[in-house]
Amino acid sequence: MNERTTLRDSDRAARAAAIDPRHSFIVSAPAGSGKTALLTQRFLALLASVDEPEQCLAITFTRKAAAEMAKRITEALTEASRGVPPQSDFERATYQLARSALARSETRGWALLSSPQRLRIQTIDSFNRYLAKQLAVETGLGELPPPADNVDYDYRCVATDLLENYADRDTLSEPIATLLEHTGNNQQSATELLVRLLAIREQWLLGVHQHDAVTADGTAQARRLLEQLVSQALARTRHLLLPFLGQLLEHADRAAANLPDKKHDSAINTLRGITELPAVPAALPVWRGVAELLLTNQNQWRKTVTVNEGFPAGSSANKAIKAEFLALLGELASDPLLAELTAIKTLPDPQLVDHQRGIIAATMALLPFLTALLDLHFSTHNRCDFTSYALAARRALAGPEASGVVSDVALRLDYQLKHILVDEFQDTSKLQYELLAALTGHWQPGDGRTLFLVGDAMQSLYSFRNANVGLFITAQRHPIGGAHCQPLQLASNFRSQSGVIDWVNTTFPKLFPSVSDASSGAVSYTPSLAEVAAGSDPAVELTLCTDHDLRHAKQLEGRAVAERVVALRDLGNRDGKPPSIALLVRSRAALAPILPEFKRLGVSWRAVDIEPLAETMVVTDLATITRALSSSADRIAWLGLLRSPMVGLTLADLWQLAGDRQQQTPLLSQLEQGDWPQLSSDGQQRLARCAPAIVDHWQQRGRVRLDRRVESLWRTLNGPATLSSGEELGSAEVYFEQLSRHLDQQPQLDWQQLQPTIDKLYAKPASGAADVEVMTIHKSKGLEFDHVLLPALGASGGSDGSDLLVWLEELDDNNQATHILAAKPAWDASSDPLYQFIKARRSEKQRHEATRVFYVAATRAAEQLHLFASGTIRQTASGDGDITTQLKPPSNSSPLALLWPLSEPIVAALVDAGGGSQLVEGVRYSVRCSAESTSASEPTAPSAPHWHRLPIAHLATASAATNRLNTAAPLDGFDLHNALQRQLGTEVHRVLERLSATASEHRAALIDSTCQQWQRRLQQSIDDWERAALQRLIAAAQQWTSCQRLAWLLSDHPEAASELALNYRDSSGRLRSAVVDRTFVIDGERWIVDYKSAAPLPGESVEIFYRRQSAEHGDQLARYGELLTQLDGRPQRRAIYFALLGGWHELTASRG
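The numbering of the sequence shown is full-length UniProt numbering, which starts it at 1 and goes up by one.
Some hints could be false.
In silico DSSO-like cross-links for lysine-lysine, where the CA-CA straight-line distance does not exceed 30 Å [stated by the list, open to error]:
no.	residue 1	residue 2
1	430	779
2	781	577
3	779	577
4	64	845
If you are wondering where the hints come from, they were derived from the structure by calculation, not from laboratory data. For clarity, every value in this text was computed on a predicted model and none was experimentally measured.
Full structure from sequences and hints, please.
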């Protein structure tokens, strides 16, 4: 039996076992192994064995994953209800499981096909909020607040509050003074350190603080742990040195005896008289001497030695000894030994575990109070973060502290839940792990309850979100609560062709650690078995672009990437089917040399979460208007507004208006003058058209809310005409939504709070077809593409930041944790050995994760994987005139460095040959040198950026502002064109979009929270229009929770989308954007639904009202239908939902 047969048999046995509802499992499911399909089968099998469907709970980490799992299960049930068995073995197995689940549904009266909401498939955050809500109800705390948009702002407010307002409290004055002294009395630095601790507070609450790591007993445990870690490191090094130990000790003793007096402080001095090299902490100084003797200060093997290392020149005997030692060095030189000796240099003395006890104790004293202050801040401002939900959920399950009593919430769940499934378990955090332990804590073997965990430790890459891959390894070896999960390993890969899998199986075992270790985050490699045959072309290509200047090499790499996309696109077109192509990057900076080449070669791309919203021109303009209309003293904002394309003053005119002589005059005052003779004719004409509108919108402050004034001024100044694409319209809508939400929570603009929220958002991707998808590697997880391009593999990775407090957690054989704490060195200290040691351990974890990120990227490819890197070369001339070209090795923290031992001999030969390609063991290696392209080696100077501004004829008119913000306009009923109706429509669309993106069990809470915000605005508003609108909205929203039609509209239907933007060109060729409020597919028909906030006129019957609305909006819905027909051509049904009435009217159906 060969290895492939063994793997396949093992895989099939694991899949068969995994759907057994009697046992708990933890399944390792590598990339492409069909993890979601296995979860679907397990869930269907469980449904057939329970009394109620709610007894099965599936937990995912994203709404997208939850929706996908729910879709798979409902589709399986629907297909099973038709009674037609599928052909393939796998689909037939799913069909049979679904038939059994339907039979159970019929027996028990579940009606799953008509009531799919009974399937409990939730995100972890959603489930945490559910648990926290149960605790809030039991304790009388009331409704949970919604999550904050910008929690960093809240953390910073709390940290600042602590340092500024609590320094004189008896219990806090000394810890705060210690912290400030430690940071050199730099409050900003101290604030940032506390902000970081708040962001990861669940880690220290459940780690060092929970285990009393700062007590005398905790310190003793930490010292013993550090001694153990030091002994293990020395033992590993001694094992590598053992064959040469006698020679080494002889040379070490002689070198120490021969050191000159000026080197008395050298660590080599500790080797004097050495006869043994024990692997014990007490010998650590001697080991440092060995490391200094063998390695340079740059941690490389010594190429030579001098008197400074104890090898004096002179006699032939000395020369012979020196030659013997260098020969010994040559035999010792190996990468594993080099790594161990380098680590020994930074090993701390175990006695140092409490040398920074003062700052550590001060920090630990502040942390509980800081957390309490944060809870109070959240409560006051009616918001919180997801960590708050998780901590509240844990409290809900834990019961009274140290009482041993089980909470009522835990008892209810213990009764309700029989089976728990968790997807992507490799990205579980400590808090989520403990939540599962609490949920299963009272389970007993054989009681019929199971825990099913699925994930792939090789794909764990979210440590920046507190994910801990060590927990996956721990769960394979130890029970979680009362559930002991049997490990299962899948092997078959149904995604990638054999050539890709063969390369992955050959390459990554050398890159991954050989042994998995929970503490260090090390994950060993597990091979996969390709179930897809190999293609005819090389499955993997590595292209290296070189130049003497790294900048030029990167330009050449960008060109190579773009040309490869064009070749792949054209190849697909010749076959009649465009391939799916993805460009995956570790960071957005890697796109800088590539996107200009895409534009040059006519490559279209769709960027997913790539372009920051704040960097788009439309949002820059809107932010400028927002700041200007909120403060006449924001001179930068007013200058930006006058310079923007909507006004378009030249720099010369701006100088005349705001130069040295006008520094003390507010720009708003200058605009109010109405006459600007100092400006050019062009400038005078522009201000004559724009200034009245700007001044008028400024004067409406206090009467019209800021978000309405910003949008009105932007449209009055013809801002939409400055846009070049429909996507920019979408970016504007996102900005208005965020501004409106910000002002819902507080009456006045706080730009310091709003700006970070905007900075975290990304521009919407382009709609329609694109040649290539562009996204980060993290964003690509769970996706697959025919061709995957990975650029910038030669670039270095990021570095870890500096935390005030760091800790090392090690688990013993009984899964018990011990912690070693260290504090960031004081402001006037250069370094701290223990802090650097723990940081080095964290860096080791990051290196392991960087390898896993590379693995995830490589395994997205179904047909071909294309690798790109850039590097520098240098040429040297030998004595006989020959030119030698040498390639600089890549940075140690780059992905290319991982591949370098395998690829360096091949690419070095190609570099020496001046470029070319070579096929080696199924991999095509290519080298492109700058000599191939003059433009790459001699780039032209960049041209000056084009300044775009509207022509004078397209600028605002003097009457435009009056027409847009005339607060005296009468309220004639609820006509579509009056301001009240527009206000209602805006609010209705905004809230319904948010509801569609919210899990069904949380919509009532969102509606209640929104009504509270509207109520506060109603109390504060002096705008009659706004008051009338808010009163109508509150009355309507209170009915939404019981509206079955709305619940149906917002359900997770197939292909459901809200506020779907569709770009098109009108008859005049101008770019337009249509936004479909809600669309989805049911039974092969596409529903197109428009939300309206209209109501019948006084005396108008509902029938006549519906008829009138159909006539007014029928063409609009027909246009939506035409645009969607171009996408899928399905039969369509079109309807209007009247949100303020709960009314529903279907227009004449279109059958496509």
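Legend entry - Holds or violated: residue 430 to residue 779, with C-alpha atoms at most 30 Å apart: Holds: residue 430 and residue 779 sit about 23 Å apart, inside 30 Å.
Legend entry - Pairwise hint evaluation, residue 577 against residue 779, where the allowed Cα distance is 30 Å at most: holds (25 Å)
Legend entry - Hint consistency between residue 781 and residue 577 [alpha-carbon to alpha-carbon, up to 30 Å]: holds (25 Å)
Legend entry - Given pair status - residue 845, residue 64, alpha carbons within 30 Å: holds (28 Å)
Violated hints are absent here; each numbered hint is respected by the structure.
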